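Asker: Put together the whole structure using the sequences plus the hints.
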Amino acid sequence: MKNIIISLAFLMLAQFSFSQKKDNDAIIVGHVVCNGKHIPFLNIIVKGTTIGVSTDATGHYRLIDLPLGKLTIVASGMGYKSLEKTTEIKANETIELNFDIMEDALGIDEVVVTGDKGASKRTEAPVIVSSLSPKLFSVSQSVVLSESLNFSPGLRMETNCQNCGFNQVRMNGMEGPYSQILINSRPIFSGLAGVYGLELIPTNMIEKVEIVRGGGSALYGSNAIAGTINMILKDPLNNAFEIGSSSSLIGVGVDGADSPALDYNVNFNASVVSDDYKTGLSVYGFYRDKEAFDANNDGFSELTQLDNTTVGSRFFHRFGFRGKLAVDFFHINEERRGGNKFNYLPHEADIAEQLEHKLTTTAISYDQFFRDEDKLSIYLSGQKVDRASYYGVEQSLADYGQTDDFTYNMGVQYNGKLKNSSFVLGLENTRSSLKDKKLGYFDYVNNIHTDNTIVANQTSSTTGLFGQYSHKLNSLSISLGGRFDYYEIKDKSNDSEGQNINKSGRVFSPRVNILYDILPELQFRLSYSQGYRAPQIFDEDLHIVSSTTQRIIHKNSPGLKKETSHSYMTSLDYNTKIGSTKVGFLIEGFHTKLNDAFVNVASEPDANKIVYYTRTNAENGAVVYGINTELNIIPSNTFSLTAGFTSQKSRYKKAQDISFGKKEFMRTPNNYGFITIDWDFSEKWCLSTSGNYTGKMYLPYYGNTIPNPIEGELRESSSFMDLGTKIEYTTKINKADVQFWAGIKNIFNAYQNDFDINIDRDPNYVYGPGTPRTVSFGIKLGNLL
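Counting in full-length UniProt numbering, the sequence shown runs from 1 upward without gaps.
What the hints contain is simulated information worked out from the structure, not anything from laboratory work.
One or more hints might be untrue.
Said to hold, decoys possible - Distance ranges between label pairs, derived from CB positions:
#1 Val113 with His449: 47 to 55 Å
#2 Glu488 with Tyr516: 58 to 66 Å
#3 Lys654 with Ser580: 52 to 60 Å
#4 Ala736 with Tyr516: 45 to 53 Å
#5 Leu723 with Ile658: 33 to 41 Å
#6 Lys135 with Phe748: 46 to 54 Å
#7 Phe748 with Glu488: 47 to 55 Å
As the list claims (entries may be wrong) - Derived pair list, reagent style DSSO-like, types lysine-lysine, alpha-carbon separation capped at 30 Å:
#8 Lys290 with Lys438
#9 Lys562 with Lys663
#10 Lys37 with Lys135
#11 Lys234 with Lys85
#12 Lys37 with Lys85
#13 Lys562 with Lys662
#14 Lys472 with Lys208
#15 Lys37 with Lys577
#16 Lys37 with Lys117
#17 Lys419 with Lys85
#18 Lys562 with Lys435
#19 Lys492 with Lys358
#20 Lys81 with Lys234
#21 Lys278 with Lys90
#22 Lys593 with Lys663
#23 Lys492 with Lys562
#24 Lys384 with Lys117
#25 Lys85 with Lys278
#26 Lys492 with Lys438
#27 Lys117 with Lys417
#28 Lys358 with Lys435
#29 Lys492 with Lys47
#30 Lys561 with Lys117
#31 Lys684 with Lys732
#32 Lys81 with Lys732
#33 Lys419 with Lys117
#34 Lys121 with Lys37
#35 Lys696 with Lys593
#36 Lys90 with Lys47
#37 Lys684 with Lys555
#38 Lys503 with Lys384
#39 Lys135 with Lys290
#40 Lys472 with Lys81
Please read these numbers as outputs of a predicted model, since none were measured by experiment.
From the three backbone atoms N, C-alpha and C, an ideal C-beta is built for every residue, glycine too.
Answerer: Quick look at the structure:
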């Protein structure tokens with residue numbers, strides 16, 4: 001695999017070394033307008049090449065040293081319909097090419113890359129691709145990625161630990177490990193990163209998030225049963241800057257709570273592009289300092305103390321007209337702690353769950369165009385996570401840990417276009433190495449020293465060959481794709497019988513997609529896909545629930561088999577204009593059958609009050625099915641409304657002991673949804689509203705308010721409607737924009753009111769909205785607002 005990629009890299013180096021040409025002084029200049037107004041920071045690219053710029057703050061652009069002959073120039077950007085123009089250009093010639101584009105408020109013409117591992121218009125993608133934009137981050141007052149994921153159909157963020165804030169995103173009713181998290185389309189977000197990672201990623205480093213619901217294993221491999229979430233990082237396309245800061249008070253006016261907690265952050269973005277537009281660099285940074293919050297004034301936190309510092313950059317350089325090298329780097333250093341006695345060392349507290357993450361990601365890719373629009377990509381991405389941890393109670397010295405994880409993904413991919421069809425072929429390898437150990441300590445009771453103990457030492461490697469062919473015949477498009485994976489998981493530690501547990505397997509994951517344009521405004525999609533999850537270490541295995549009543553540790557059964565899935569999806573996507581009002585409506589049905597579904601079996605507490613949740617395969621599997629809907633109403637370019645709702649069921653075929661004899665998945669409401677409203681009621685003022693609805697759900701409870709906390713009991717939560725609002729004022733200072741804003745999250749404090757209390761609490765008993773009533777205000781300055 002490595003030799004193949006290295007050989008291709010040398011061939012491409014030879015290709016672009018001979019393709020370097022002297023400047024020919026062929027130039028295109030122009031502007032982009034919409035409804036008579038110049039549009040700044042819109043993308044202008046030369047089709048079939050890597051040449052591209054963006055319009056400046058005045059809506060003008062310049063393309064220099066262009067290849068000679070007939071060229072197709074494309075103007076595109078979020079919120080606008082793409083427009084292509086073809087022109088003939090000669091050496092030493094400057095021509096003017098202006099664009100008068102139309103608004104695309106419904107995102108019909110948006111270019112997406114996650115649907116089939118290649119760029120295509122949203123309406124031409126074989127599956128529905130939803131997007132979260134910086135505008136949505138602003139409307140929802142999202143500082144980190146996890147705060148924004150509730151605002152997409154079928155997605156719901158949840159917090160799973162009262163101590164450390166462990167959280168996950170459920171997609172179509174399936175828990176976090178069923179979704180593949182991608183960074184620039186690469187699957188390097190490891191299980192260790194996934195424990196807290198969605199709360200580590202600041203939104204100011206993200207250009208947009210693309211979400212594909214439904215089986216994605218045919219293109220993206222293991223863990224994409226529920227779908228994929230692709231974080232696309234910001235690209236340097238112009239000379240720009242932005243800096244912002246905000247402060248929040250968490251828990252304002254909450255009865256029975258301790259004083260409000262302060263949450264402060266500052267962030268910046270900047271990019272610069274060379275005069276010849278061949279080289280660009282963007283840099284970004286983020287700092288956050290959040291205090292712990294005690295919701296019931298028992299001296300123990302419900303929301304964690306956080307300290308996050310993030311820095312990163314993206315660099316590109318164009319070689320010739322058709323080659324482009326891109327390099328990404330970012331580093332996150334985050335410390336979090338929950339429990340009590342925050343001014344003491346962790347082992348001096350009654351309860352402490354403390355983590356320090358050092359997450360470093362580096363990626364390099366090279367794209368080379370061939371023929372008209374064919375593209376060959378070679379890529380290598382790596383992510384290193386170092387985590388120092390303490391999960392302990394009652395002044396224990398035995399609960400310090402160190403976890404080290406390294407994941408890389410390398411591959412080659414070819415996207416080709418024919419007259420009425422397109423295809424993608426690729427080969428990639430993803431490898432992960434994880435070592436988790438408990439650190440040594442002195443046992444004062446027995447007067448002995450205990451050495452470091454290996455808890456987990458696992459390597460996993462997956463090599464995948466994938467491909468997809470799509471053919472368009474008038475209004476009908478059919479896509480056939482598949483991926484063949486060989487996975488190998490090696491456990492270098494020993495099980496309870498002293499044996500190594502190594503697993504390997506071969507999996508073929510096919511998918512079929514049908515897209516039919518019933519009307520120009522109405523599209524029908526139908527898809528079938530298979531997927532799988534390999535029996536490896538998952539995010540919840542790297543989190544320990546701490547209480548004096550019991551400690552919960554997750555592990556895999558030695559006989560655990562891979563989990564497979566059969567997913568069916570169908571949708572109607574209607575986008576039209578009624579008078580001057582733009583209306584979009586999506587209805588999407590999904591049905592996923594899980595064979596050998598993973599399920600936990602709880603042990604009796606041992607002498608140290610440890611309960612082991614052993615992951616096994618559920619008899620007869622499980623099924624998840626339901627309907628997602630989304631409505632967009634835009635009566636004018638100053639007002640928009642978006643709402644989504646999901647109604648679904650997630651059930652095992654056979655009742656599970658850990659679910660108190662019920663078939664339903666725990667922590668999974670049958671109904672949930674969202675709404676956002678954005679109103680620019682004047683040129684400088686904007687008012688926005690956002691909200692999330694969470695329906696009732698079943699929850700296990702093992703707390704101190706029942707006679708037998710070890711046996712526990714089943715509870716049903718209430719439903720919640722979490723509403724927030726924000727007002728912005730934007731004005732100009734010289735050539736820069738400055739924005740002042742203030743907002744409130746969870747205005748009516750729809751928040752859990754029965755948290756468990758004191759040192760013997762059940763920290764897993766957490767549900768509903770992630771934060772209580774929160775008041776925020778901030779300022780931003782830049783030329784991108």
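Asker: Which hints from the list above does the structure break, by number from lowest to highest?
Answerer: 2, 6, 16, 29 and 37
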